[in-house]
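Chains as they are written, first to last, in my numbering: chain B, 1 to 254; chain G, 1 to 349.
These are calculated hints, taken from the structure and not from any lab test.
For clarity, every value in this text was computed on a predicted model and none was experimentally measured.
The beta-carbon is built from N, C-alpha and C at its ideal position, and this holds for glycine as well.
Be careful, since some hints might not be right.
[As the list claims (entries may be wrong)] Below, in silico cross-link-like pairs of lysine-lysine (DSS-like), each with a Cα-Cα straight-line distance of 30 Å or less: (1) B/121 x G/106; (2) G/241 x G/106; (3) G/106 x B/115.
[Unchecked claim] The calculated label-pair distances, taken between Cβ atoms and stated as ranges, are: (4) B/133 x G/226: 47 to 55 Å; (5) B/241 x G/150: 47 to 55 Å; (6) G/182 x B/133: 28 to 36 Å; (7) B/113 x G/318: 43 to 51 Å; (8) B/182 x G/200: 51 to 59 Å; (9) B/241 x G/143: 41 to 49 Å; (10) G/316 x B/112: 48 to 56 Å; (11) G/334 x B/115: 36 to 44 Å; (12) G/340 x B/3: 33 to 41 Å; (13) B/3 x G/147: 46 to 54 Å; (14) B/111 x G/200: 19 to 27 Å; (15) G/146 x B/3: 45 to 53 Å; (16) B/133 x G/319: 42 to 50 Å; (17) B/76 x G/318: 18 to 26 Å.
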Amino acid sequence: MSEPLLEASGITKSFAGVRALRGADFAVHPGEVAALVGDNGAGKSTLVKILSGTLAPDGGEIRFEGRQVAVPNPVAARELGIETVYQDLALAPELDPAANLFLGRELVRPGLLGKLGFLDKAAMRRRTNKAFADLGIGLQDTGAMVANLSGGQRQSVAVSRAATWVSKVVFMDEPTAALGVVQSAHVRDLIRRVRDSGIAVVLISHNMPEVMELADRIEVLRLGVRVARYQAADTTMEQVIAAMTGALGDEEVA
Amino acid sequence: MSDLTEVTAADEEPAEASEPSGVRAALRRRLTETTTWTFLILLGIVAGFAALRFQQFATVFNFRNIAADASGLLIIAVGMTFVIITAGIDLSVGSVLVFSGVIAAKVMLAIGGGGWGAIAAGLVAGLVAGTAWGVVNGVLVTKARVPPLIVTLGTLGMALGSALLITGGIDVRGVPLQLTTTIGIGQLAGVPYVVIIAAAVTAVGAVTLSMTRFGRYTYAIGSNAEAARRAGINVDRHLIKVYALSGFLAGMAGMVSLARFATTTIGGHSTDNLAAIAAVVLGGTSLFGGIGTVLGTVVGVFIPAILQNGFVILGVQPFWQQVAVGAVLIIAVYIDQLKRRAQERGERR
């Protein structure tokens with residue numbers, strides 16, 4: 001197997017005395033879908049927030065492309081080529097989909113107007129329409145506020161934002177949770193396409209059939225530590241669930 | 001996946017094809033905006049007064065007076081619009097206005113001579129003083145994490161108290177006469193300079209809010225500050241800039257007031273903050289942040305101003321203006337709430 005693109009080891013994090021992560025390990029390689037699974041409270045979202053720069057770890061080491069890095073904020077993560085679809089989507093509901101897709105990376109007009117910070121709204125809308133078309137998202141009114149979209153459409157906006165900007169690793173925290181059957185299939189297709197372009201995809205999902213279908217590897221968190229790693233092809237859903245619920249003993253590396 | 005960084009000719013087509021429905025949708029959105037119907041209320045009020053007392057009300061002289069009287073409030077309200085769109089509030093504007101006026105007057109008197117040099121120095125000092133209070137507000141809101149309502153309530157007292165300490169509670173008079181005769185009461189092609197200043201501030205504010213990155217960040221922070229932070233926007237720095245802008249414009253309103261009245265009017269601005277907030281909210285800006293326009297604020301400033309003026313002309317006790325504006329304000333926020341609730345239902349869909 002190739003060198004891990006992103007590797008976390010011994011990550012610890014406590015909230016007001018509660019130990020959410022007690023030395024968690026995780027690794028993802030280029031061009032694979034690594035599922036991060038675990039029961040509620042296992043520390044999945046906390047680990048993702050640490051690796052994507054929204055939370056600072058108490059301890060542990062993060063290595064990116066072989067060298068030790070710090071990810072103190074989301075901008076640092078972005079500069080490494082890491083994008084995240086957050087569970088809460090992190091959209092600005094009063095802005096339209098194009099404004100959300102380009103949030104923090106707005107395109108400005110050429111020349112003097114651009115230097116003054118004038119936005120190129122037409123170009124941003126065009127590229128947003130193309131991104132949505134690629135994802136198979138049909139939005140009748142791309143000028144509407146995100147607040148007026150359905151839950152599924154909102155999730156699609158968040159997913160296509162990450163897919164648009166990612167260059168190395170994308171974290172997807174429950175990317176299909178609010179989606180209907182058709183949109184879920186589109187997102188799963190997108191995840192495969194992103195993976196096939198050589199990007200590392202980290203999938204956090206409660207939907208075990210989806211995990212078994214999409215993942216190349218599965219890493220299991222339980223009570224803030226990694227308890228198992230599997231090659232998806234060599235394992236069954238029952239084994240994974242056994243590891244999640246603690247019916248299994250120590251870490252077994254596949 | 002960087003395939004979106006290149007826009008080819010083929011990409012233009014879908015946008016082109018969806019243009020008609022996009023325009024219709026934009027029109028539908030426009031019609032449901034609070035700003036649209038408050039603008040209709042304003043037109044109704046103007047039409048009503050014009051119908052009742054055309055010869056006194058609908059004159060160039062009268063509208064010139066209304067605009068000149070409203071200029072200071074309009075300048076403050078433009079800054080307040082930015083602050084409220086970030087889901088903040090600035091109660092200190094009236095006090096900052098007074099403080100800036102006092103500083104400007106003191107500097108003009110200290111330099112003396114009554115020339116343009118003294119006036120310019122005083123104006124710059126006043127604007128700097130206003131901006132400084134704004135920066136204090138912004139730093140306390142972002143770095144000390146004290147809620148804006150409390151921070152600006154505190155600086156409201158501090159700025160006014162400081163102005164009273166500096167002056168001993170007595171208005172500073174004797175600012176150079178040229179300031180009043182030119183900027184204060186002068187006109188350009190029949191339009192008072194103070195109205196031109198207010199109109200320029202409004203235009204720059206409207207363009208900045210709707211067309212630039214600064215405006216986009218203002219909306220984004222008010223809409224979802226955490227999302228803005230995760231998107232790499234320096235939320236604290238932007239909020240400090242927004243409060244500084246509000247302070248700067250309060251200072252500018254102080255300069256306008258000083259020019260018009262040739263004195264510091266220390267006691268005359270205790271309700272400017274509430275008048276500005278009312279105007280902004282009347283104009284469709286949401287107190288919850290993320291929504292609002294400068295154009296709406298212009299409407300919101302002129303509804304009370306024209307009511308006041310019309311009631312005086314009609315011989316109705318002008319106190320009715322306060323009653324009427326209060327009622328319209330509550331209705332505006334009520335409708336905003338209704339829309340929010342409808343949206344939250346949508347989110348649970």
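Status of the hints after comparison with the structure:
1. B/121 x G/106: Violated: residue 121 of chain B and residue 106 of chain G sit about 47 Å apart, past 30 Å.
2. G/241 x G/106: 27 Å, holds
3. G/106 x B/115: Given pair residue 106 of chain G, residue 115 of chain B is violated - Cα atoms ~38 Å apart, limit 30 Å.
4. B/133 x G/226: 47 to 55 Å: 29 Å, violated
5. B/241 x G/150: 47 to 55 Å: 51 Å, holds
6. G/182 x B/133: 28 to 36 Å: At roughly 59 Å between Cβ atoms, residue 133 of chain B and residue 182 of chain G fall outside 28 to 36 Å, so the hint is violated.
7. B/113 x G/318: 43 to 51 Å: 45 Å, holds
8. B/182 x G/200: 51 to 59 Å: 52 Å, holds
9. B/241 x G/143: 41 to 49 Å: 47 Å, holds
10. G/316 x B/112: 48 to 56 Å: 52 Å, holds
11. G/334 x B/115: 36 to 44 Å: Holds: the Cβ-Cβ distance is about 43 Å, inside 36 to 44 Å.
12. G/340 x B/3: 33 to 41 Å: 50 Å, violated
13. B/3 x G/147: 46 to 54 Å: 49 Å, holds
14. B/111 x G/200: 19 to 27 Å: With Cβ atoms ~23 Å apart, the hint holds.
15. G/146 x B/3: 45 to 53 Å: With Cβ atoms ~48 Å apart, the hint holds.
16. B/133 x G/319: 42 to 50 Å: 60 Å, violated
17. B/76 x G/318: 18 to 26 Å: 59 Å, violated
Violation of the numbered hints given earlier is confined to hints 1, 3, 4, 6, 12, 16 and 17; the remaining hints are satisfied by the structure.
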